[in-house]
Amino acid sequence: MKYFHSVGNVRDLSSLVAKAREYDREPLLHPQKGKGLRLGLVFFNPSLRTRLSTEIAAQNLGLTTIVYSVQKDGWSLEFEDGTVMNGSTTEHVKEAASVLGRYFDILGVRTFPGLTDQEVDQQEKIWNAFCTYSKIPVISLESATLHPLQSLADLVTIDKDLERKTGKGLFSSGSTRPKVVLHWAPHVKPLPHCVANSFTEWALASNAIDLTIAAPPGYALAPHFTDGASLTHDSSEALEGAEYVYVKNWSSYESYGQTPPVQDDWMLTESKLRHSPDAKIMHCLPVRRNLVLPDELLDGPRSMVIDQAHHRVGAAQAVLAEIIGAL
Amino acid sequence: MKYFHSVGNVRDLSSLVAKAREYDREPLLHPQKGKGLRLGLVFFNPSLRTRLSTEIAAQNLGLTTIVYSVQKDGWSLEFEDGTVMNGSTTEHVKEAASVLGRYFDILGVRTFPGLTDQEVDQQEKIWNAFCTYSKIPVISLESATLHPLQSLADLVTIDKDLERKTGKGLFSSGSTRPKVVLHWAPHVKPLPHCVANSFTEWALASNAIDLTIAAPPGYALAPHFTDGASLTHDSSEALEGAEYVYVKNWSSYESYGQTPPVQDDWMLTESKLRHSPDAKIMHCLPVRRNLVLPDELLDGPRSMVIDQAHHRVGAAQAVLAEIIGAL
Amino acid sequence: MKYFHSVGNVRDLSSLVAKAREYDREPLLHPQKGKGLRLGLVFFNPSLRTRLSTEIAAQNLGLTTIVYSVQKDGWSLEFEDGTVMNGSTTEHVKEAASVLGRYFDILGVRTFPGLTDQEVDQQEKIWNAFCTYSKIPVISLESATLHPLQSLADLVTIDKDLERKTGKGLFSSGSTRPKVVLHWAPHVKPLPHCVANSFTEWALASNAIDLTIAAPPGYALAPHFTDGASLTHDSSEALEGAEYVYVKNWSSYESYGQTPPVQDDWMLTESKLRHSPDAKIMHCLPVRRNLVLPDELLDGPRSMVIDQAHHRVGAAQAVLAEIIGAL
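Residue numbers (this note's numbering), protein chains in the order written: chain A, 1 to 327; chain B, 328 to 654; chain C, 655 to 981.
A portion of the hints provided could be inaccurate.
Computed spacing ranges between beta-carbons, pair by pair [said to hold, decoys possible]:
#1 C/K843 <-> A/K189: 30 to 38 Å
#2 B/E564 <-> C/S730: 30 to 38 Å
#3 B/N413 <-> C/S730: 30 to 38 Å
#4 A/D210 <-> C/G954: 52 to 60 Å
#5 A/L28 <-> C/Q777: 51 to 59 Å
#6 C/D953 <-> A/K72: 25 to 33 Å
#7 B/D339 <-> C/Q777: 45 to 53 Å
#8 A/K33 <-> C/H878: 47 to 55 Å
#9 B/D626 <-> C/D953: 53 to 61 Å
#10 C/S730 <-> A/D210: 56 to 64 Å
#11 B/G389 <-> A/N45: 28 to 36 Å
These aren't lab readings, by the way, just hints derived from the structure by calculation.
Quick reminder that beta carbons are idealized off the backbone N, C-alpha and C, glycines included.
Using the sequences and the accompanying hints, generate a full structural model.
What follows is the structure in structure tokens.
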């Protein structure tokens, strides 16, 4: 694996999940694996879990890591080809990424979508520029459309919980596909689709999850991601028999980056889950309490959100190990 | 020791001071003590000495450290319970601290008081939230009301100087209690009480210091800290026979966070110290020159301010060692 | 070597270049050289290459490094002597640098000129303050008037390319001095003179380069730097027979920090270089594309800009090794 961005970059999903769980059990299993290698973590946007978990994962493998915040530490970057740079951008990504490619062995890059121009975001210009010009392996720490490290941690979380509950994990022979609902939630700002896109992609690619996506009219995700999932505007129907409910807000894809008005109250509550006694709640964090999810769910026994964050370390470690192995 | 915040958390003050001095003499005494452990240093506010000295102390003990600046690197945090988070805060401390508790073995947290609501600051909401939700040991890197790492370094500084001067340290048998004056100084902004509170707490708990607090009317510290110290509004009376003068500004506690007008000129000078030929000057830094303390004192032989900063490393190292020992 | 700022601090330039090239070939040649030593990198201004290359160089030598951003992490510093600090500055460099001198074994400092007062910038107040008050070795990571790590990397780049081309490096016996043109370029903002000053200083001190400086009227560099170089306002004359063209914008030195109007189009193009088929293009980066240098040159075979950035690591490593050797 040279690039880690889409689930399509993963050769064997079930063994990647297994590897992540192994590192979760034993973080210092391969403390010399990254010895002598240098990882650069490049941030265009804020991050708590992604930054810390990836840095910790790298430390566990003996990688030397430097965190670099483009906005805070460096120069504002230009991404357009052929521009006369007489405005506010100071350096072109062609130079910046080329130089980083000389300084590091592996890069991680985090960038958010602009959410104003669908085509621009779909092109993944920043992600692609770093891959093209750095010429070294690159790991997505979230990009305009995807957040794969989160999705790997999410699958690890489901796999582990399922095994605890049924004795069989997602990929065990004879295991039954759990019903997982990706459930839209309210928010006050337009948010990216990355977590929802990525989770959909990974859940479907796993062939081990029965995925339903519940969202109000106007909030369908991009069709090329959701093909293979059940789509519904009916929250209560979706929740029936759900074992895992992944709660997440995202803005409209059709009216790109907009937040068309929503009729019903889409915030989940304990009462709405009364017919799903075993349903666990997931969220990628950060979560706005009592807007996206109520205290009663986040503080109650259904919540797996801290476990998801916890599994980010093992997930990043499995991905780094895979990339180091292919160097 | 699981939490390091108030002097009440310290079991044996004199041996903690001794340990800090030992690490000061030999920083690499226990280079493997923290091996395999991870320290997270979480900053809500700027810091030079605290950040660097704690990171260096951790390196000396073999701890892996990650510095995380909440405002710059991450999400704005909510601390109120039950809030509907539809405003500017993006993540609740319940999640943030829980996740940090999964990622690290020990946390350090730095936060300043708001200085607008006495009760809120006294509650130490941020400090307590990190202790409660992280579930791991936490070290105060300064909080709403206290700055214990500074006070430990201050006692180390006095102890060492006293020994140099008299052959006996603060805790030697038969040593006489030096007269120490905590002396208010002017400033242009309302400042926290943390350094003054903490120093008072530690000086009194040491049972080895004769403490006088000199401040203008309206600037008394919180009574629950000063009980046991001599209080005066008379600077020259206080300075008589003083061996150590700890200069510091703080805002009013009574008119909370205000800066009521002050009659006299409270900035110390060489001339005001003419009857105290041996008095040394202390300050926690940063210090505004010629407002809080004049050049002649900061640049002269009385000043111990750089030594105080220097001793921050050994102090942090002693505290970290104590906490590691109790893991 | 205790201070690394001007080329005058370098005892033997050719062996420093040789050392930098040696570390470039074998970065882990001396992985224990800096063991037990601590390097503090202090930034007043943004940086990509300087920060990363110096940190990587330090890692290669086994130095422990802490990066500290004065504006982002700490307190705003005062540099004037005797000021009553009742304004916006919170800490005097006397204290800040003294404390850093206690915490670290070596410092690196980066600061930009104000470009408003020639005399102030020429005094190198910030650089000098850190040297004076820290009392430890200090490396310039760019200052008000110089950028020596860049110049060392530039000489490494020329030396290596020359050897590739002619079989003889800059300092080989019998090698002929290549014609190097330092060529002014347009910009939209007034830029410092540091890179141009430093390159001039190093090129002349090398005794191995035939240096021409081409700039429009009003853009002469400070005479004490350019003494010994050929100066011209005629770009095409300068380019004749040039083997290396170092492109860089700088503001006026005479009308200090101003940008007097320029008649001709000073941006180099492939067509302007048609009589210099072998001329290579250099720039220190960041470069504004199609303003300072066009895509056709940056993306073409003449460009050495990524190599220059690459050689920053070996250059910093050679300087650190020299300083460690003299500790």
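For each hint, the structure was consulted:
1. C/K843 <-> A/K189: 30 to 38 Å: At 34 Å between Cβs, range holds.
2. B/E564 <-> C/S730: 30 to 38 Å: Given range 30 to 38 Å: holds, Cβ gap about 36 Å.
3. B/N413 <-> C/S730: 30 to 38 Å: holds (35 Å)
4. A/D210 <-> C/G954: 52 to 60 Å: holds (55 Å)
5. A/L28 <-> C/Q777: 51 to 59 Å: At 52 Å between Cβs, range holds.
6. C/D953 <-> A/K72: 25 to 33 Å: holds (29 Å)
7. B/D339 <-> C/Q777: 45 to 53 Å: Distance hint for B/D339, C/Q777 holds at roughly 52 Å.
8. A/K33 <-> C/H878: 47 to 55 Å: holds (54 Å)
9. B/D626 <-> C/D953: 53 to 61 Å: holds (56 Å)
10. C/S730 <-> A/D210: 56 to 64 Å: holds (58 Å)
11. B/G389 <-> A/N45: 28 to 36 Å: The hinted range 28 to 36 Å holds for B/G389 and A/N45, with Cβ atoms some 33 Å apart.
Violated hints are absent here; each numbered hint is respected by the structure.
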